[in-house]
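S.K.: For the record, the sequence lines run as chains A and B.
Under numbering that gives the first Met the number 0, the very last position in the first sequence is 154; numbers go up by exactly one each time.
Under numbering that gives the first Met the number 0, the very last position in the second sequence is 245; numbers go up by exactly one each time.
These aren't lab readings, by the way, just hints derived from the structure by calculation.
All C-beta atoms in this analysis are idealised placements derived from N, C-alpha and C, irrespective of residue type, glycine included.
Label pairs and their in silico Cβ distance ranges:
#, chain 1, residue 1, chain 2, residue 2, range
1, A, 92, B, 138, 25 to 33 Å
2, B, 158, A, 64, 25 to 33 Å
3, B, 215, A, 111, 55 to 63 Å
4, B, 117, A, 107, 33 to 41 Å
5, A, 36, B, 55, 55 to 63 Å
6, A, 137, B, 82, 40 to 48 Å
7, B, 100, A, 95, 40 to 48 Å
8, B, 41, A, 95, 31 to 39 Å
9, B, 220, A, 108, 53 to 61 Å
10, B, 60, A, 108, 50 to 58 Å
11, A, 108, B, 173, 17 to 25 Å
12, A, 111, B, 60, 54 to 62 Å
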Amino acid sequence: MWRSTGFLSILALAMVLLAGAVPPAAAGDGVPLPHPAKGKGLQCVEPVDAMRRYHMKYLMHQRDDTVHGGIRGAKYSLQGCIDCHAVADPKVMNGEKRTLKPFCGACHEYAGVTLDCFQCHSPVAEDKPNLSQADAQAVREAHQQALKSRIQQGN
Amino acid sequence: MSTCTDTTRRRFLAGAAGLAATTLAPGVMLITAGPARAAGGPVTNARRWGLLIDTTKCDAGCDDCVVACRTENGWQGHDRPATDSQWIRKVDLTDQVTGAKTSLPVMCQHCETPPCVDVCPTGASFKRADGIVLVDKHICIGCRYCMMACPYKARSFVHETTHGQKPHAPRGKGTVEACTLCVHRVDAGGTPACVEACAEKAGREAMVFGDLNDPNSDISKVAGRLVATRIRADLGLNQGVLYHGF
Chain A
0 MWRSTGFLSI LALAMVLLAG AVPPAAAGDG VPLPHPAKGK GLQCVEPVDA MRRYHMKYLM
60 HQRDDTVHGG IRGAKYSLQG CIDCHAVADP KVMNGEKRTL KPFCGACHEY AGVTLDCFQC
120 HSPVAEDKPN LSQADAQAVR EAHQQALKSR IQQGN
Chain B
0 MSTCTDTTRR RFLAGAAGLA ATTLAPGVML ITAGPARAAG GPVTNARRWG LLIDTTKCDA
60 GCDDCVVACR TENGWQGHDR PATDSQWIRK VDLTDQVTGA KTSLPVMCQH CETPPCVDVC
120 PTGASFKRAD GIVLVDKHIC IGCRYCMMAC PYKARSFVHE TTHGQKPHAP RGKGTVEACT
180 LCVHRVDAGG TPACVEACAE KAGREAMVFG DLNDPNSDIS KVAGRLVATR IRADLGLNQG
240 VLYHGF
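All chains, please: the whole structure from these sequences, using the hints.
M.R.: Quick look at the structure:
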């Protein structure tokens, strides 16, 4: 009993020493961590950590409600994701339009998880052409207001 | 498939579930449809969406409905007619005895008892409570049984990778698709793109859209005035798309 405790203490001490000796992984080592662009809105439909873990479940549940029940514009809408998170990226469509691919792709590529949504769904944001900055801000605020009321209603 | 042929009993049971009956006086019953759609709730069978196409107003040279559908739902093809998608098409008929010509658009007929739903092995082919027949492409495996079962050749298979889909009409390679009765417009209180184009662009008003369950809707009034028939009515599918004039 004493011997095993002593062995464990030595092992723990060795690990502490080793940890001190080896510097933490510096930026540039291995695959860099993804940094998806921040959304345009003030808040997401759920806390960020919940969205990271469960966004696919939220989307899958709501897709059935929409396709079979005709319930549209509810809380977890793919269109809502696009409105807030689509960005123009030179690698997608020559950066001509805002698309959701760079935002989703950042983590999906890092984790090696296939992204099937856009085989059928359009990732492109339907921005109104020639919208002035003030009008675009007004549209965004109206969208946020609608989002807030949906969050408060719980759907 | 004995359960499928026993439609009388099935319809009676479905009717009993969906209809509320009130006794006004002994022997007099008021039967109304089920509850209307609640705000934010799913569609109900209180409504049954339908189309009435007056072929006497339809012209062989006009395909505005087809163009409007293609633009609205983004099913432009690859110039390969044998495999390109076709949600709606114009059919020109000539009576071999009299020589009389008729032209009419044909799309998904939104049957009450759709054969495509009967044969679907995954449940992807389904009928919404309000009568619109759709494909849930999330669970479609592309077996194409529904295409073989449909008597109206209304469905298409997507053979090639799709680009430029509309946000409200997702389309993907390996799935089956058809007319959705512009369900995204209907859910927003609008009318299908073909009906709008027929009235506004072509100026013909040969297509009427509305609720077949509502006796005061435009479609019910026109259907009561004109002799409306269904294509292959002998199949007993009770389609939501009605025709007049041939």
